[in-house]
Amino acid sequence: MRASGPPAGENPVDPPDDPNSGQGPSPDEMSPEERQQAEEMAREMAAVQEQIASAPASVVVATT
86 MRASGPPAGE NPVDPPDDPN SGQGPSPDEM SPEERQQAEE MAREMAAVQE QIASAPASVV
146 VATT
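Counting with this note's numbering, you get residues 86 to 149 for the letters of the sequence shown.
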């Protein structure tokens, strides 16, 4: 019997040394094209989030 630690089959992951790792450049560092692409991606993600939020729970749970 395990007293502590992660559940069986899971491996703990150390946090990255750099707290900003995995994040892209700030908007000030982006070219106009990159900024436009990021804004479009954010709009698409917001639309998908809205679709998921408006779906009945039974549909979301049944398809996960």
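Please keep in mind that the hints were generated in silico from the structure rather than gathered at the bench.
Take these hints with a grain of salt, some might be off.
Claimed, not checked - Label pairs and their computed distance ranges (CB to CB):
#1 R120 <-> A93: 29 to 39 Å
#2 Q136 <-> Q108: 39 to 49 Å
#3 Q134 <-> G109: 11 to 21 Å
#4 G94 <-> P117: 26 to 36 Å
#5 P112 <-> I137: 25 to 35 Å
#6 D113 <-> S143: 22 to 32 Å
#7 M130 <-> P101: 20 to 30 Å
#8 A93 <-> S116: 40 to 50 Å
For every residue, glycine included, the Cβ atom is placed at its ideal position computed from N, Cα and C.
Against the structure, the hints come out as follows:
1. Between R120 and A93 the beta carbons are some 45 Å apart, a value that contradicts the proposed interval 29 to 39 Å.
2. In this structure, Q136 and Q108 break the distance hint of 39 to 49 Å, their C-beta atoms being roughly 26 Å apart.
3. For Q134 paired with G109, a C-beta distance near 19 Å keeps the hint of 11 to 21 Å intact.
4. Between G94 and P117 the CB atoms are about 46 Å apart, so this pair departs from the stated range of 26 to 36 Å.
5. The hinted window of 25 to 35 Å between P112 and I137 holds, with their beta carbons roughly 26 Å apart.
6. Range check, D113 to S143: about 44 Å between beta-carbon atoms, so the 22 to 32 Å window is missed.
7. Our hint of 20 to 30 Å for M130 and P101 holds, since their Cβ atoms are close to 23 Å apart.
8. Restraint check, A93 to S116: a C-beta distance of roughly 47 Å satisfies the suggested window 40 to 50 Å.
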